[in-house]
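So the sequence lines, in the order shown, correspond to chains A and B. Position one of the first sequence corresponds to residue 0 (numbering that gives the first Met the number 0), numbered consecutively onward. Position one of the second sequence corresponds to residue 0 (numbering that gives the first Met the number 0), numbered consecutively onward.
A portion of the hints provided could be inaccurate.
Intra- or inter-copy, both count: the list cannot distinguish identical chains.
[What the hints assert, rightly or not] DSS-like cross-link-like pairs, simulated, lysine-lysine; straight-line CA separation at most 30 Å:
| no. | residue 1 | residue 2 |
| --- | --- | --- |
| 1 | K58 | K1 |
| 2 | K58 | K89 |
| 3 | K58 | K151 |
Simulated from the structure, these hints should not be mistaken for laboratory data. Computed from a predicted model, the values in this text were never measured in an experiment.
2 protein chains.
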Amino acid sequence: MKLEIWFEFASTYSYLTVSRAEALLTAAEVEFVWRPFLLGPIFRDRGMETSPFVLDPVKGEYMWRDMARRSEAYRLPFIRPRMFPMNGLKAARIMTAVLEQPWCGAFARSIFAAQFGQGADISDERILRSALETCGVSPGPWLERARSPEIKETLRATTDRARNSGIFGAPSMVVGGELFWGDDRLEDAIAFAQSRHE
Amino acid sequence: MKLEIWFEFASTYSYLTVSRAEALLTAAEVEFVWRPFLLGPIFRDRGMETSPFVLDPVKGEYMWRDMARRSEAYRLPFIRPRMFPMNGLKAARIMTAVLEQPWCGAFARSIFAAQFGQGADISDERILRSALETCGVSPGPWLERARSPEIKETLRATTDRARNSGIFGAPSMVVGGELFWGDDRLEDAIAFAQSRHE
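Let's have the full structure, built from the sequences with the hints guiding it.
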């Protein structure tokens, strides 16, 4: 039974989960797949034109403090980017294009580390190129593939699947028909996958 | 440095924290105080006429599933009450009236267990009496004290303090100027209190 990790590149708590997941899941011997999707359309369906953390500044300020603390606990670099939320569309398309590659997790981690570890703008093609180079590949062909109608449609379809699965935020883990929402539930989702496997 | 546990009797996740806190804090040798308050006025300030879990049914349904799973993990009885949110005003006034009593934590746990362990209506005076009796005291004088202008005003003032402390949900833990929101952060709050004490 595969554990699905649904994440959005602009999402703060997705940074924590994407940075931690591969090591935890490998150690737990739980198979998994990355499911990059877009939260924007799902938020809009729910009457929100931007991140709930922007619409609700009190909760937003708390989130940044919480992110700083959790990043420190996980020993992940963290700064609050000047812009939030960033536009993660291009990064999500590239991730969709590289999902079959063994280095796709490294690509996702590199994008998140640039954004929340260094404050870089992940809609900037230089950042996207650099993340691909970090994975040891030539960026050109992947950037081109990410712009193809097929990949755009795949990302749209993945976002529709998220919506139809009852996903309302990121990160979300889905395994064996159970939905787990938030980085705080990553370990629970892994434990659930293991319990089903035994 | 005392750790403050801010909670609302109608709040699902407050059930988890109130049920767990006293044992965890005692084992950790961290001093604490209960801070019963009302979320209703704070939600209304923020444009919500009821619980966000009612206003957002998708998130609400997820919350009930999550509560069932977390309760099981903590070995706490759990059923989804037919009514949500319940009116926790009387319970909060009684808790405010009994805060100096050594059995006040037991009273809070009894109310939450009746609500989320058995589905009882915590605005029903029989449930409130029963919870007081569980603590080995005669309910009458405490119910009377809970109806006094002084206690009503104290609860209002506590709710104002919550709002002014940036509290936007329950449970919330406050210690050494740091706010921790949600049952998921109880252990973090305790660890923070310990680190400051050393």
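*asked:* For K58 and K151, with the copy left unspecified, which applies at a CA distance of at most 30 Å: within, between, both, or neither?
replied: between (33 Å within a copy, 28 Å between copies)
*Since the copies are identical, ignore which copy is meant and state whether K58 and K1 lie within 30 Å (CA to CA) inside a copy, between copies, both or neither.*
between (33 Å within a copy, 24 Å between copies)
_Treating 30 Å as the Cα threshold, decide for K58 and K89: within, between, both or neither._
both (28 Å within a copy, 28 Å between copies)
Hint compliance for this structure: no hint is broken.
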